Amino acid sequence: MITLSGVTKLFDGVPALDNADLEIPTGVSYGLLGSNGAGKSTLLRLISGTYRSDGGKVLIDGEEIFDNARVREKVFFINDETVQFGRFTLKELKNFYKGYYPKFSDEVFDELAKKVQLPMDKRTDKFSKGMKRQSIVITGLACRTDYLLLDEAFDGLDPTMRIIVKRMLVDAILDRGLTTVISSHNLKEINEVCDTVALLHKGRIVFNRDLDSVKGNIHKVQAAFPENRSKEDFVSPNILHFDKNGSVCHIIMRGDENMIKEYLAPYSPMFLDIIPMTLEEIFIYEMEGLGYKADEITEGGEAL
Amino acid sequence: MSIDPQSRVPIYEQIYRGVTELAANKLLSPGEKLPSVRELSKRYSINPNTVAKAFGMLERDGIIYSVPGKGSFLSGGHEDVILSNACREFEEAAVKAHKSGLSQEKMIEIVKETGVRK
Amino acid sequence: MSTQGNTAKASPIFSPKVFHGIKQGLLRNKKMMIVSAVLYFVGLPLNMLILIMSLLLDIQPDIGIYSVIGALTSGAALLCGSVAAVLSMPYLYKKTETDMHFSLPVTTTQRFISDFFSGLLTYTLPYIASTALGLLLTLAASGLHRSMISAAVPGSTALELGETFFTDIFPPILKTAAAAFFIMLLYYAISTLVMTFCGAMLENVFNIVLVNCIIPGFIAMVTHTVTENIYGLSFDDTVYKLLPFTSPLGAVIYFFDELFETGSAGEMVIWLIKVLAAACVYAVLAYLVYRKRRAEDTGKPVVYEFFYTILMVLLISCLCFLFMSFDDTEMLIPMVIVTVIFYFVLTVIKNRGFKKLWRAAALYAAIVVVSIGSFTVIEATEAFGAGKYVPSPDSVRSVEIDYIGFGREGMDLTSGRNGIVTSEYGSYAASPVLYDKANIEAVTRFHKAILDSRKEDIRAQTGYPVTLTYKTTLGRSITRTYPDVPADLFDILLPVDVTEEMRTARGNAYAALISRLKPGRKAVQQPVLENCITLMGEYGQFSPDGKSERDAYTFIKDLPEGFEDSLAEAVKADVMAEPEEAYYGTQRHRTAFIAIWLNHYRQNPYMIPINETYTNTVACLEKYGFEDLSRFGFQDQSKTAALSPNDLFLHTVWMYSVKMYEKAAGKDVINGSNVVGYTDDSQNMSTDSDILLGVDLKLFLSHYDITDLLKNSRPDYAADDVDYYIYLNGRSYGVLPEYSKVAGEKYVGCYVGGIFSGKYARTPYEIKRFLDVYAEDVDLVYGSGVADGLQKQQYEDIYS
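Taken in sequence, the protein lines are chains B, L and V.
First residue of the first sequence: 1, per this note's numbering; consecutive thereafter.
First residue of the second sequence: 1, per this note's numbering; consecutive thereafter.
First residue of the third sequence: 1, per this note's numbering; consecutive thereafter.
Hints were generated in silico from the structure; no laboratory data involved.
Since we're looking at a predicted model, the values are computed, not measured.
Certain hints may be false.
Below, a list of computed lysine-lysine pairs in the DSS-like style, where the Cα atoms sit at most 27 Å apart [unchecked claim]: (1) K202(B) / K300(V); (2) K115(B) / K70(L); (3) K448(V) / K57(B); (4) K95(V) / K292(V); (5) K98(B) / K31(V); (6) K94(B) / K356(V); (7) K448(V) / K437(V); (8) K122(B) / K94(V); (9) K30(V) / K132(B); (10) K437(V) / K126(B); (11) K23(V) / K122(B); (12) K98(B) / K356(V); (13) K261(B) / K33(L); (14) K437(V) / K132(B); (15) K96(L) / K188(B); (16) K23(V) / K126(B); (17) K231(B) / K96(L); (18) K241(V) / K292(V); (19) K91(B) / K57(B); (20) K31(V) / K126(B); (21) K91(B) / K437(V); (22) K103(B) / K23(V); (23) K99(L) / K220(B); (24) K122(B) / K31(V); (25) K106(L) / K261(B).
Generate the whole structure from the sequences, applying the supplied hints.
This is the structure in C-alpha cells:
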C-alpha cells in the first residue's frame with residue numbers, strides 16, 4: 001500500500017503538493033487526474049523516491065521510500081520522457097535494469113518484446129515514439145515490481161499499441177497483483193484503465209474515489225414540483241447543482257436512485273426523472289460543488 | 001455482451017447485466033464456463049479489477065460460482081435470482097410508466113408484443 | 001525482497017548493484033575508452049615501438065614529429081578527465097536523466113560510488129593499459145640498446161642515440177607516468193566536486209576550467225604578496241607548501257620544477273601520497289555536496305549560490321592582488337576594467353540574464369575593497385612585521401642552518417666556508433641541526449645582522465644564500481630564506497664551525513658523500529671519471545712526483561671493499577680532532593682536496609678539503625694504495641702572512657697566468673702562491689684581470705703599501721663608485737672610493753691574463769709595462785733572468 005500523509009512539496013517556495021493525504025491500496029489501478037501543473041508528476045516522483053517531501057511522509061508498505069534502496073526495488077517509475085534511453089538497445093536496457101531489480105525476469109522481457117515485435121539489437125532512439133514508450137513499459141513490467149507508476153503512460157501510443165500495453169498490464173495485475181498508478185490529463189483513458197481515481201488541482205487532492213461508486217452514486221434529476229421551488233428549498237450537502245428552466249428543475253445530486261427518491265418525496269414531485277451521468281458530467285459538477293470552475297481544471301476543454 | 005466504458009452505466013453493472021442476460025437468453029447454460037476475468041478485460045479493454053468486482057457480485061448473488069484454478073461457471077440456481085431481479089426492474093418500470101400516465105391496457109399490450117417479438 | 005533482511009540497515013557499499021552500476025558505466029563509455037587508449041598509444045608506446053624498430057633495422061629514427069604528435073594526443077586524452085567526470089553523472093545537469101537515475105533502487109551513497117568510480121575507471125584504465133605497455137616497451141628498448149651498444153659501429157643508430165640514452169630515459173618516464181596518474185586522480189576529483197555544485201552543462205565546463213586555474217592562481221598570488229612583504233620568506237618554499245597537491249596545474253608545475261630532475265624516490269612518494277590525499281579530500285567533499293543535491297536542482301545554472309560567491313571572491317581578489325603587485329597607480333584602471341569584465345560576464349552567464357545586478361555589484365565592490373585593503377595593510381605593515389621576527393635563543397629548541405658549505409647552491413673552492421661542497425642539484429647530506437645554546441645564540445645574532453644589513457644601502461659583491469629553520473620549544477617551525485647575504489656576515493658564524501655539533505655534522509656530511517662510492521664497481525675513466533677518487537691540489541691535480549699536471553689520472557683505482565667505510569671513519573675522526581687554527585688557517589693548512597667522482601653526469605667532482613692535520617685520512621689513503629701524500633707536501637706557505645683585516649684566515653689563491661712564469665723561470669711552481677691583484681673589473685678576474693703578482697707577498701707589501709690600501713677596503717664590497725678591487729687569497733676587497741686615487745697610483749695597468757688552458761692571451765705591450773715596474777721583483781722571486789726570459793718568451797709565443 002502506498003500512503004501519503006500530509007505530504008507537501010515546494011519548488012522555490014511554491015507548493016506543488018499541499019498537505020496531501022492519499023492511500024493507494026495494493027492491487028488497485030489508481031488514476032491520477034489533473035491538468036498540467038496540477039501536481040500529478042510531482043506526486044509520482046514522490047512515490048518513486050525521486051523527490052523528497054518537504055513535509056509529511058511517503059510510505060510504501062509502511063516504509064519511507066526516500067533514499068531507501070530496498071523499498072525502491074518494489075517500485076518502477078515510467079516517466080513521460082524517452083530521451084534518456086536512446087543510447088540503449090533493448091538488450092542493453094534489459095541488462096541495465098536486470099542488475100538493479102532482483103525480480104527482473106528475462107523471460108517476461110523477451111516475451112513482451114516479442115509481443116510488440118521490437119528488435120532487441122537496435123538502438124531505441126531509432127524507434128518511433130510509440131515503440132520507445134513500449135520499450136520502457138515492457139522493461140518496467142519485466143522488473144516485476146509490486147508497484148508500477150506511469151506518467152502519461154499512453155501518450156504517443158497508437159490505438160493498437162494502446163491495446164497491447166493495456167493487455168500487458170492486465171496480465172500483470174492478474175498474475176501478480178500489480179498495483180498501477182497512472183497519471184493522465186485524459187479522463188476517458190483513466191476511465192478505461194483505472195478503478196480508482198484521484199483528481200488533483202493546484203497541488204491539492206480534490207477528489208479521491210472508486211470510479212464505479214462515483215458513477216453509481218450521482219445522478220441527474222429532472223423534476224417538476226407543485227410549488228414554485230428554488231435553490232434554497234433544497235438544502236443538502238449532496239446537492240451539487242440546482243437549475244430551473246421554466247417549471248422544470250434540474251438538480252445534480254449525489255446518491256443512488258432510491259436515496260434521491262426518498263429525499264425528494266416530501267416535495268411531492270409531479271414528475272421525476274433520475275438519469276445516470278457520464279463521467280465527464282460527474283466531474284464537472286463535482287468540481288462546481290467544490291467551488292471550482294470546470295475550465296480551471298481542464299485545459300482547453302481537453303480533459304473533460 | 002457489449003460493454004461501453006464511456007457509458008453512464010458503471011462498467012461492473014454492465015457486466016452484471018450482460019451475464020444475466022446471456023443466462024436468461026439461454027446463451028449460457030448452467031455449468032458452462034464463463035470467459036475469464038483476464039479474457040474479458042482484454043477483450044473489452046477494461047480494468048480487470050472492475051471485471052473481478054462484477055464477478056464477485058454475480059457470485060454473491062448466486063448467479064455464478066467459481067472454482068479456484070479453473071474459472072467461473074454459470075450456476076444452476078441462477079434463474080431465480082435473475083427472475084427476481086427482472087421482476088424488480090419490471091415493477092419499477094411499471095410504476096414509472098404508470099406515473100407518466102401510461103394506461104394499464106397499453107402496458108399489457110406492450111408486454112404481449114415484446115414477448116412475441118422475442 | 002523479503003529475503004533481504006528485516007533490519008533497517010542501510011544497503012552496503014559493496015553491494016552487487018554498485019558493481020553493476022560501474023560495469024554499466026564502463027559499457028556506456030566503451031567508445032570513449034577506446035579513443036582514449038588510441039590517443040595514449042600514439043604517445044609513449046608508439047614512440048618506443050619506432051625506436052625499437054629503428055634499432056633493429058638500424059635506421060635513423062625521425063622521432064621528433066612522432067613525439068610531438070604523441071604529446072599532443074596524450075595531453076588531449078589527459079584533459080578528458082573532466083569529460084569522464086561529467087559524463088558519469090548526467091542526472092546532475094540534464095533534466096531528462098533525473099527520473100531514471102533517481103528512482104533506481106540504490107541509495108544516494110551507492111549511486112555516488114558507482115558513478116564516481118565508473119567515470120574514474122573510464123578515465124584511468126586506458127591510461128594505465130597504454131602506459132604499462134609503453135613502459136614495457138621502454139624497458140625492452142633499453143635492454144636492446146644496451147646490448148647493441150658494444151657492437152655498435154660509429155654512425156649506427158645505437159650509437160646515435162647515445163650510450164646512456166635508454167638507461168637515462170626509463171627513470172624519468174616512470175616518474176612522469178606515476179606523477180601523471182596521481183594528478184589525473186586529483187583532476188577527476190576536482191571536476192566531480194565542481195559538478196556537484198552546478199546544474200547545467202555550461203556551468204560545468206566553465207567552472208571546471210575556472211576552478212583549476214583559480215586554486216593555483218589564488219595560492220600563488222597570496223603567497224607572492226605575503227612573501228614579497230616578509231623578508232626571508234622565499235616564494236618557492238612557501239608556495240610549494242600548498243600548491244603542489246591542491247590542483248592539477250599546481251602539481252604539474254611543481255613536478256617539472258622540483259621533482260622531475262632532482263627529486264629523490266622518497267620525495268616523489270611523499271608527494272604522490274599528498275596528491276592522493278588531496279584527491280580523496282576533494283572526492284569526499286564532492287560526496288557531501290552530492291548528498292544534498294535534489295532531483296529538482298538539476299537544470300538550474302548554479303545550484304548553490306555559495307559556491308559561486310567563493311569562486312568570485314577568489315578570482316577577483318586574485319586579480320586585484322596581481323595588479324596591485326605591480327606597485328603602480330596606473331595599474332588601478334586596468335585592474336578595475338579587467339575585474340569588472342570578468343566578474344560581470346560570469347555573473348550574467350550564471351544568472352542567464354541581467355537579473356539581480358545590484359546585488360552582484362555590491363558583492364563586487366565588497367571584494368575589491370577588501371582585497372585592496374588587505375593588500376595595502378600587508379604591504380604597509382610588512383605582513384605585520386613578520387619579517388623582522390627573530391626568535392629569542394631561549395625559545396629555540398634547535399635551528400637547522402643551511403648555508404654555503406651546507407647549502408644547496410654550488411660552491412666554488414675559493415669561497416668555501418665550512419668547506420663542504422655540495423652537489424649542484426641538492427645537497428647530499430642533511431643540513432646541520434644545532435642544539436647547543438651558544439650556537440643557537442650565534443645563529444640568532446647572525447639572523448639579526450642579516451635583517452639589519454638590509455637597512456644599509458650596500459651591495460655585497462658576493463652574497464650567499466642562507467636558510468634558517470628554527471624549531472621552538474612550543475613546537476613551532478619557522479623558516480627563513482635569505483638569498484643574498486653579504487659574505488662578511490658569515491663571519492659571525494665562524495666560531496660555530498669549530499664546535500662539536502658542527503664538526504659532527506661536517507664529518508657526517510663528508511661520510512655521507514664518501515659512502516656514495518661503490519667499491520667493487522669498476523672505476524670509469526672515459527669520457528669522464530666515475531666512481532673513483534683523485535687527489536687535487538688547489539687547482540689541478542697532484543701527480544706522484546709532485547708535479548702539477550692537469551690531466552693526471554694516475555690515481556684512478558678500482559676502490560677496494562671496505563674502502564669507503566674506512567675513509568669515512570678517518571675523515572670523521574680528523575674533522576672532530578682538527579685544531580681550530582687549522583680550520584681557520586692559512587693555505588698552509590689547506591692545500592689538498594679529495595675529489596670524489598661519483599657519476600658521469602657531473603663534470604666536476606665533489607671536494608673534501610684536507611690538510612696536514614688530517615692524519616687518519618692520509619694514513620687511510622696511503623694504506624689503500626694512494627701514493628705517499630707527504631711527498632706532495634701540503635703547501636708550505638709560511639712566507640705568507642694573514643692580510644685580511646679580519647685577521648682570521650686566508651684561502652689559497654688562484655694563480656692567474658702563473659704558468660707563464662713557471663715556464664719562463666724553468667721552474668714548475670706548485671700552485672698556491674699568494675697573489676695580490678689590482679683590477680678595475682671585479683667581475684672578470686679569471687680571464688681579464690690585470691695582475692700584479694708575486695710569490696713573496698711581503699716584498700710587495702712593503703714595497704707598495706698594499707696593507708694601507710687593504711685597511712681602507714671592504715671585503716666583498718662592490719659598488720658603482722668603487723674603482724679598484726684587491727683580489728687577495730680568494731677574497732676581493734673593494735677599495736673605498738676615497739682611496740681610489742691612492743690605488744690608482746699603485747695600479748699598473750697591464751693585461752697578463754691567462755688561465756690554465758694552455759692558451760695565453762696577452763699583449764706584449766702589457767707585459768712590458770708590467771715588467772717595467774716589477775721586473776726586479778719577478779727576478780727576486782723566480783730567479784734572475786726570468787723577467788728577461790718572460791719578455792722574450794712571450795714574444796716568441798705570440799709570433800710563433
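Comparing the hints with the structure gives:
1. This hinted pair checks out: K202(B) and K300(V) have alpha carbons roughly 23 Å apart, not beyond 27 Å.
2. Taken as a hint, the K115(B) and K70(L) pair is honoured in the structure, with Cα atoms around 26 Å apart against an allowance of 27 Å.
3. Using a Cα cut-off of 27 Å, the hinted pair K448(V) and K57(B) is violated, with the two alpha carbons roughly 71 Å apart.
4. Simply put, K95(V) and K292(V) have alpha-carbon atoms about 17 Å apart, close enough for the 27 Å limit, and the pair holds.
5. Simply put, K98(B) and K31(V) have alpha-carbon atoms about 23 Å apart, close enough for the 27 Å limit, and the pair holds.
6. The straight-line distance between the Cα atoms of K94(B) and K356(V) is roughly 47 Å, outside the 27 Å bound, and the hint therefore fails.
7. Our distance criterion of 27 Å between C-alpha atoms is met by K448(V) and K437(V), whose separation comes to about 16 Å.
8. Pair hint K122(B) plus K94(V) holds up; C-alpha atoms about 24 Å apart against a cutoff of 27 Å.
9. The suggested pairing of K30(V) with K132(B) holds, with an alpha-carbon distance near 23 Å, which does not exceed 27 Å.
10. Restraint check for K437(V) and K126(B): the C-alpha separation of about 84 Å exceeds 27 Å, so the hint is violated.
11. Of the pairs offered as hints, the one joining K23(V) and K122(B) holds, with about 21 Å between alpha carbons and a cut-off of 27 Å not exceeded.
12. Only pairs whose Cα atoms come within 27 Å are accepted, and K98(B) paired with K356(V) is rejected, the gap being roughly 48 Å.
13. A C-alpha spacing of about 39 Å is found between K261(B) and K33(L), which places the hinted pair above 27 Å, so the restraint is violated.
14. For the suggested pair K437(V) and K132(B), the alpha carbons sit about 84 Å apart, so the restraint of at most 27 Å is broken.
15. The suggested pairing of K96(L) with K188(B) is violated, with an alpha-carbon distance near 32 Å, which exceeds 27 Å.
16. For the hint pairing K23(V) with K126(B), the CA-to-CA distance comes to about 24 Å; that is within 27 Å, so the pair holds.
17. Restraint check: the Cα-Cα separation between K231(B) and K96(L) comes to about 26 Å, which is no more than 27 Å; the hinted pair holds.
18. Distance hint between K241(V) and K292(V) is unfulfilled; the C-alpha atoms sit about 32 Å from each other, more than 27 Å.
19. Pair hint K91(B) plus K57(B) does not hold up; C-alpha atoms about 37 Å apart against a cutoff of 27 Å.
20. Simply put, K31(V) and K126(B) have alpha-carbon atoms about 19 Å apart, close enough for the 27 Å limit, and the pair holds.
21. For the hint linking K91(B) to K437(V), the alpha-carbon distance of about 79 Å lies beyond 27 Å, and the restraint is violated.
22. The hinted pair formed by K103(B) and K23(V) meets the criterion: a straight-line CA distance of about 20 Å does not exceed 27 Å.
23. With a C-alpha separation of about 19 Å, the suggested pair K99(L) and K220(B) falls inside the 27 Å cut-off, and the hint holds.
24. The straight-line distance between the Cα atoms of K122(B) and K31(V) is roughly 17 Å, inside the 27 Å bound, and the hint therefore holds.
25. A distance of roughly 26 Å separates the Cα atoms of K106(L) and K261(B); the hinted pair therefore holds under the 27 Å criterion.
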